[in-house]
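Trainee: Here are the chains, one letter per residue:
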Amino acid sequence: MNIRKDVLPVQVTDLTKRFGSFTALDGVSFTVKPGETVALLGRNGAGKSTLIGCLMGFLVPDQGSVDLFGQNVLDLPRDLRARTGFVPQTMTGFGAFTVGKLIDYIGAFYGTLPPIDPALLRWADLDPKKIVKSLSGGQRQRLAILLAMRHEPDFLVLDEPVASLDPHARRDFMNLLGDYARRTGASVLISSHILSDLERLCSRLLFLRQGQLVLDVPTTVFRATTRWLDHATPHILSDLPFQIIGQRETGFLVHGWSEDVILPEGTTISVPDFEDAFLEITATRTA
Amino acid sequence: MASLRLSPLEWSDLRRALGLYFTSTFLRSNYMLLMLACWVVAAAVTLWNIHTLLRHETLAQALSHTNIFNAILVIMVAQSVLQLHANNQIGGSQAPSIPGLALAEARAASIVAGVTILGFAGLTSLLPVPFHDALFFVLFNAIPYAVHWYAPPREQSGKKRVTILFFGIALMAGQFALLLVSDAAYWMLTRPAVLTIPASIILFIGLIGSILSLPNRLHDSKSLSPSAHEQPLPVESTRSGPVGPSAQKPLTPYQLRQMLLAPTAPVTFRTDILISLILIPVFLSVFAMIEVFLSHRSFSAAWVKSVGTGCVMLVIGDKWLLDRQHWPLLLVTGRFGSRLKFVQAVFKAKLSRMLIVTPIRVLSLVVPYAFLKPLFPADAFYDALDLIVLAVGMTLCSALPFLLLRSPAKSIVFAFNLAPVLLIQLCSPFLLSLRHAAYLAITALILGLLSYVFAPYRISRSDWPYENE
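Protein sequences appear in the order of chains A and B.
Just so we're aligned: 82 in numbering that gives the first Met the number 0 is position 83 of the first sequence, and the numbers increase by one with no gaps anywhere.
Just so we're aligned: 49 in numbering that gives the first Met the number 0 is position 50 of the second sequence, and the numbers increase by one with no gaps anywhere.
Okay, chain A solo, but in the shape it has when bound (with noise of 0.2 Å):
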């Protein structure tokens, strides 16, 4: 089957996921168009690895639906899934396999393929006969997004990929993601702890909050229009075109700021360092 060019890789539609009584997942929506790098953001339980699940088709939603390449995820043809690329946080399974054989085993399921690509072999640096079972932490992750990434996917979804990775190994992969992306014209959707990872990575970003999307914003008119307003009242923001997403003591962190707009008297702004905005926004609050 061919890929249409005007179909998004990613439809996301008012997904809700629940586990008993907690609700993992509530109304999430969005699309991740072809090329977008984009940044899953959330503190720990706020949803992502659900949502990465759902994504995938690896979870049933309980609303909703998600789509991928036109397709609803549940039902998604061979040709389509091998479209797609995905990285655990951790690899599990195929322990008796040599790492040559487990990449010629999986790889096999996605047809004819191209050589790997040098780059990604040689930042995976692994040994094609030892038995995946001797393999560190560390090691075992680079080949998990070695048989993710061996196929050239169209979606690649990557859920914390670089926690076991060494600083070296982080900073090349990180380099080697943007590259392929941008080679390949490929759609990512990447979750980590790494904030100055995704900042420097990724075009979009997505905030999730207790299982709701909070914020939905490319990174350059993230960087460009939130600010800290500080010594200014909340009932004369409110009439502003600011969204108030986050508080300290002193003001409110807005987005959609512009220099435009003019505030009141004795209001300072200034620029919110990335971790500070996503404490934030990101911060669990009750009314």
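If you're looking for bench data, these hints aren't it; they were derived computationally from the structure.
A hint or two may mislead.
[Stated by the list, open to error] Under the rule of at most 30 Å between Cα atoms (straight-line distance), these lysine-lysine pairs were calculated in the DSS-like manner:
hint, chain 1, residue 1, chain 2, residue 2
1, A, Lys129, B, Lys409
2, B, Lys409, A, Lys128
3, B, Lys347, B, Lys318
4, A, Lys132, A, Lys100
5, B, Lys318, B, Lys340
6, A, Lys132, B, Lys409
7, A, Lys100, B, Lys409
8, A, Lys100, A, Lys128
9, B, Lys318, A, Lys132
For this one, chain A is given, so just place chain B on it according to the hints.
Mentor: Using the frame of chain A, we list chain B on its own:
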């Protein structure tokens, strides 16, 4: 269930998945293979014995003089080997994202299972018994695995799931109960073709269908539920009280000691005693009643005949040396001191529990046995003493591989962990003369005590599992 018409791509997937069964990957991944090899030998010897006995005995007599249980077990162990292999692939965290993998593994497993079943039925038919009876015998004893393989489709309603679950449990309970009835094998091997052929077809389709449902497991992955890695966080502003210990009842010291032995659910001292007291009499009474119903034997005769099963229950327990994933976690608590002290604590916990529950279990077996057989009190006392020594000694012998090898393979540890379950029947005073049983019991105790004293030193100087796999 997967479609039976395969595309060229699916054929090639299937060939690759089947090919894995003939590679070192299959051998490496499967710690059950050693057990299978042992049971294949035991089953072959048993079948050969029956074959020889049939020259001058009837089938009923030949079966009563041999342990056909070996042949039944080989069917079960073979299914476990296949399940373990398939799960090694399908259980991988990336498996759900690989197109066609789960289906190919399921199809390959169903073919290998089918061939194994037919092969073993063919071997059994050489006794000689009619092939249809042999096939029925093999398939009937594969019922638990037909149930284990089954994974419900994701769209199946909860009500239907529960119904199928209960049906599966009922099938397994029926098979298990029948298995323990002494004439069951004869009954299965002598049914008319009009019954066995349709039943075999249903059982075969059931088994293959269950295996082919394996890809449904991908959507039921425990690793994706929030309990695994996505616990909801407490809301910051709802701190109505300090975060403290949960409202659950704290574990008793008896339960804490059991934690060292990797039980699924550590029970309190009182519950453990109660279970030990009623477990064997209740089970054996149920089996005896089934046998009374099927073979018209008297209740007391049926009860006395099933003491071999009662012996098995003396040593059924935890996987104390097989499952050691929790050791590093407990060691670092510092509660037990050095590595050596920790391992000695594990051995001590095992021995102390054995010394508490084994006499109770033995008494609950031997007292009704002596009453129903009947047996002189002195003979019953010696039988009981022999069983206690045998059970304790054999259980401690599970550590023998650590005494002999620096890092024994998991398959060897597994085999030694299961060995008491099988050997205790063969070495019990119910099968052998008391003198021979006593020699074996004393040997087991000496080897067990050697393991108890010296194995902790070896284990404390070997690698402990601290990562997955």
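Trainee: Compare the structure with each hint and give your call.
Mentor: Hint by hint, here is what the structure shows:
Between A:Lys129 and B:Lys409, the direct Cα distance comes to roughly 19 Å. Compliance with the 30 Å bound is thereby established for this hinted pair. With a C-alpha separation of about 22 Å, the suggested pairing of B:Lys409 with A:Lys128 holds against the 30 Å cut-off. This hinted pair checks out: B:Lys347 and B:Lys318 have alpha carbons roughly 15 Å apart, not beyond 30 Å. Simply put, A:Lys132 and A:Lys100 have alpha-carbon atoms about 13 Å apart, close enough for the 30 Å limit, and the pair holds.
A C-alpha spacing of about 20 Å is found between B:Lys318 and B:Lys340, which places the hinted pair at or below 30 Å, so the restraint holds. For the hint pairing A:Lys132 with B:Lys409, the CA-to-CA distance comes to about 13 Å; that is within 30 Å, so the pair holds. Between the alpha carbons of A:Lys100 and B:Lys409 the distance comes to roughly 23 Å, so the proposed pair stays at or under 30 Å and holds. Note on A:Lys100 and A:Lys128: the hinted pairing holds, with a Cα-Cα distance of about 8 Å set against a maximum of 30 Å.
Annotation: proposed proximity of B:Lys318 to A:Lys132 holds, straight-line Cα distance about 22 Å (limit 30 Å).
When the structure is compared with the earlier hints, no violation turns up for any of them.
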